[in-house]
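A.B. asks: Got two chains here, separate frames each, mind docking them using the hints?
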Amino acid sequence: MISPVRSELTVSDNVPFGHPSAGSSGGYRFYALTLERPEWKDWRPGQFIMMRPAGAADSPQWARPFSICRVTSQGLVLFFRVAAPAWERFARLKSGDKVVVWGPLGTSFDVRPDTPTLLLARGIGIAPFAGYADKHPDPASLFLLFGHTYPSSNYPTDAMASRMELENLRDHTPEELEYFHTVMREKMITYRQRGGICLACGPISFLYRVWKDAVELGLPTQLSLEQRMACGTGVCLGCVTVTSQHWADPAHAGLPVQTCTSGPVFWASDIDLDARIPGGKG
Amino acid sequence: MDLRVSLVKGRLELKNPVLSAAGTFGSGLEYQDYGDLSTLGGIITNGLTLAPCSGLPMPRITEVPAGVLSAIGTQNDGVKQFVNEVLPRLPWNLVPVIPNLNASNVDAFSELSAILAEERGVAAMEVNLSCGNDHRGGYPFCQNPVTTARAISAVKRAAGDKPVIAKLSLRTMDIAEVAKAAEAAGADIISCIGMPEGMAVDVRTRRPLLGSVVGGISGPAIKPMALLSVWRVASVVQIPVIGVGGVCCAEDVLEFILAGAQAVCVGTASFADPSAIFRIVQNLPKVCEELEIQDLSAIRGSLELDFTR
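Top to bottom, those sequences are chains A and B. So the first sequence is residues 1 to 282, counted in this note's numbering. So the second sequence is residues 1 to 309, counted in this note's numbering.
In isolation and in its complexed conformation, chain B is listed as follows (with noise of 0.2 Å):
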């Protein structure tokens, strides 16, 4: 079966439409040992940075019903690092390899987007507008459509013909707003949602679980969440748009394609088990046999709405 997505038609074309999350996944390098990095859609990388970045404090994750609640703090060497040492070890050749970007204020962006714009390795840019914008004192890019289209129009600027995605999270008014600004603002592609926020608690410490208190939660938990903010964002937008949470099986990717996505990410699948993600792209064509879905195109956006029949 025919699995290959066009996402910007001859300049990022995917194998299949399973990708990796950012933050879930490495570098990929990580996970060569658990199976062949080169049968995946595509790889989108740890959050990157321009200056190396410690994250935040301890304890930085735990588990909660369904899914993860995590902070923490993009921890990472830096763009330089990643460029001369992690991207050449990387078979950018074979799939593509797109970093997710992260920055406090727009000309950080840019100048992330300006550094990897010249890389062969790099097939298309991430930027995580959940980060904290220092001159909204702190509240997310993706918050309101002016401070997204500002953060997009400046990665789009120096991104050269990389395509660039637009991550959006749920911490916003309305998130197909938000997805119309970017897409207006230049944007190749909406990747939806960033993780949610939320706490937990632990009862017999009387302490939060996470170090610093607040964190994002993830997996299955979250499923039904990005699920409808890929059907409403879709609906809205003319671009590709890729579903980001919970996904955790083939049925799974089906579900966000009906929904109008046209590819999805695996975030902590990949956490419980490390080959989750190839297992998804194996048995993929097998699903879709037994659902007899011959064609990912012909299904997509494609939810019945109709009860009566």
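Chain A extracted, bound-state conformation (with noise of 0.2 Å):
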């Protein structure tokens, strides 16, 4: 158990990736943002802080959650996509600026050295992977599957396939997503008969799909869900998702748990995407 740390760091440099988007809006979607290294004891793969800019302590703007990218000798690396108006104040955080952070949160990737292991990844969900390839003792027996509706370039892919094997493909269109799904599932099978495991971030969409396979083909996965978070604490109870018959505590099987404390990594067989809640007050 890693305790979490709040701590105020400073931007050392926030770049923009790929290209800006089309039509009069024009911004880009896509940074690499990086923070002086916090005094963390330690991290794991898979883990991820919440992050709010400083000086707006009295602000009830929310933080928001981050993939840890990766953590170097000169600081936490964390990759985001614009993906709404209230992440534009992270895409103008410039050098010198501060931000609140805490982390880092949830669970993390197995990392199993001697086990086939299968990186699965749509979007922004291949920000953990990099940091993942620095704790694993031998990156290059890795296989990264990624699929992309933006082009490559909006991707940090160069810097991933020079460390491991990586197949990217487009799933911008209808077609283009329905092969992405089967070249993924090929890939499960393989990674099942040879008794390997999986691994999964990306949006709940695509982490349905990858849930729904590994169930039916028994392949060992793990997938980091993306809910809504207002605190990364455990207390707000927003961003819940129901545990199956499998899990560990049987007082809390069949029942919601946090995303943000008992995950954001759980095992698929550990979790039913397909439960609803079942509500009632005691």
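Read the hints as simulated data drawn from the structure, not as lab findings. Hints may contain errors.
[As the list claims (entries may be wrong)] Partner residues aside, some chain B positions facing chain A, computed with beta carbon under 7 Å: (1) Asp36; (2) Pro57; (3) Ile61; (4) Glu63.
[What the hints assert, rightly or not] Taking lysine to aspartate or glutamate pairs in the EDC-like style, the calculated list, with each CA pair at most 20 Å apart, reads: (5) A:Lys41 <-> B:Asp33; (6) B:Lys9 <-> B:Glu183; (7) B:Lys80 <-> A:Asp249.
[To be verified] Just the calculated beta-carbon pair ranges, DEER-fashion: (8) B:Thr39 <-> A:Ser3: 45 to 53 Å; (9) B:Ala66 <-> A:Ala54: 14 to 22 Å; (10) B:Val236 <-> A:Asp97: 44 to 52 Å; (11) A:His19 <-> B:Pro285: 33 to 41 Å; (12) A:Ile189 <-> B:Ala66: 19 to 27 Å; (13) B:Asp36 <-> A:His172: 49 to 57 Å; (14) B:Asp295 <-> A:Lys94: 39 to 47 Å; (15) A:Lys94 <-> B:Pro65: 44 to 52 Å; (16) A:Ser3 <-> B:Gln238: 25 to 33 Å; (17) B:Asn93 <-> A:Asp134: 41 to 49 Å.
A virtual CB, placed ideally from N, CA and C, is assigned to each residue, including glycine.
C.D. replies: Here it is in structure tokens:
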């Protein structure tokens, strides 16, 4: 268990990635943000932080969750997409600005050096796998299948490809997406036959598909769930997901648990993405 | 500076007027990495029910201008789990721990109160009167003085010597009348306000942003309503009033005290920054000094209404 720390960190760099979006709005969608290195004792790949610009201590605006992309000797690297107007304040951050960060938070991906490991990512879900490669004793043995709506130049695929085997597929059209899903399932079948594991990160529609295939194929798979989060500390109870009957704590089997503290990384067999919250007051 | 507050003499003494608000601070244990819990005036824990409760459907929470809209449905593991597993881990001998009681009928409120009354670690109980009353078509207990009084009487009878806080919301015709009824029924303290209702819509999906459509609004968006409620209630009851709604900084604490509150709760500010409540406690003496306030009791309820000076 790694205790989270709240820190005020300085922005070292905030670099737009790829190409600006078309049309009159015109801004960049993707950014690689580097902060000074936090004084954490440790962190694990798949964990995340909550972050908000400093100097707005009395502002009610929420912090936002960010996957830890990498922690180098120089700093903490985050890769994010401006998915909604609330994220634009992070795109405006520049060198010297201060941010409030609390983390590292949540659970992490399994690192099994001697087990064939398939990484599946869509879109911004590629972010934690850079750090995963850093923490893996043999990253060259990893295989990453990466689906992306925007051109690959918007993502750090070159840096990733230099460290692991990577196949990237555009999934912008319905046909492209279906092909991506076909390739994904084929890879999962192969890794099942090889006694491997699978780790996945991306939007919930993608993770649902991975979850379905993983359960059906019996491939041990971890999913990093992305939910709307207000606090990252487990108290707002806004980011819950429903566990399956395999959940380690029988008292919470079939019940909602917080994604920010019991996750974000869950074994596919431990959760039920088809379940509805039973509801009703006791 | 002496910030101590006596809410109920000899039975509920706070080292400062800043408590956590129910539903925004977990049991308190979730925040022990971010500050010293024993520095707080009190910890009002997440809502408790008799039996475990899995809460409302997702999505449950969304950001709205100047606040939070949420519909959680009191997800919790039930009072027994709280008593057996959570309470022993809380620093209740250093800071008052105040569970927040939720029930849909008077008998369940009474039963909850009786269980918690046995616990040394429980300093007081806060009764969430915004709960839907099964016997009144799901309308909240605090909607009228009669149902408020029944719920408070039931809790009081079972609470032994534990002080009882009646938490009121604006889902009522007249919060001052309801506060008077709660006081007459034996409430030791009034707390206001519970979250007013609201909704939010996503124009792109054409759906509401909450799974249960309607939620409660919290955060700075409701501070003016909370201040007004405290001011009105404090002028008609003799018991202490706790202000809840949008407290983000030490100045906010003083605004509520000027309006008549004895103490305040910090709520969703803890979502935006886990150190928020600790920072407020730390800053309060400094801000008092800047504003030349030597004694909180000297300014309590002392709003200057003469604008000619």
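A.B. asks: Each hint should be assessed against the structure and marked as holding or not.
C.D. replies: Consistency of the hints with the structure:
1. Asp36: 13 Å, violated
2. Pro57: Hint holds; proline 57 of chain B Cβ to chain A Cβ min 5 Å, cut 7 Å.
3. Ile61: 3 Å, holds
4. Glu63: 5 Å, holds
5. A:Lys41 <-> B:Asp33: It holds: about 14 Å lies between the C-alpha atoms, which stays within 20 Å.
6. B:Lys9 <-> B:Glu183: 16 Å, holds
7. B:Lys80 <-> A:Asp249: The given pair, whose Cα atoms are some 17 Å apart, holds under the 20 Å limit.
8. B:Thr39 <-> A:Ser3: 45 to 53 Å: At roughly 19 Å between Cβ atoms, serine 3 of chain A and threonine 39 of chain B fall outside 45 to 53 Å, so the hint is violated.
9. B:Ala66 <-> A:Ala54: 14 to 22 Å: 19 Å, holds
10. B:Val236 <-> A:Asp97: 44 to 52 Å: Taking Cβ atoms as reference, valine 236 of chain B and aspartate 97 of chain A lie about 49 Å apart, which means the hint holds.
11. A:His19 <-> B:Pro285: 33 to 41 Å: For proline 285 of chain B against histidine 19 of chain A, whose Cβ atoms are near 53 Å apart, the range 33 to 41 Å is violated.
12. A:Ile189 <-> B:Ala66: 19 to 27 Å: 51 Å, violated
13. B:Asp36 <-> A:His172: 49 to 57 Å: 51 Å, holds
14. B:Asp295 <-> A:Lys94: 39 to 47 Å: Between aspartate 295 of chain B and lysine 94 of chain A, where Cβ atoms are some 45 Å apart, the hint holds.
15. A:Lys94 <-> B:Pro65: 44 to 52 Å: 26 Å, violated
16. A:Ser3 <-> B:Gln238: 25 to 33 Å: 45 Å, violated
17. B:Asn93 <-> A:Asp134: 41 to 49 Å: 45 Å, holds
Violation of the numbered hints given earlier is confined to hints 1, 8, 11, 12, 15 and 16; the remaining hints are satisfied by the structure.
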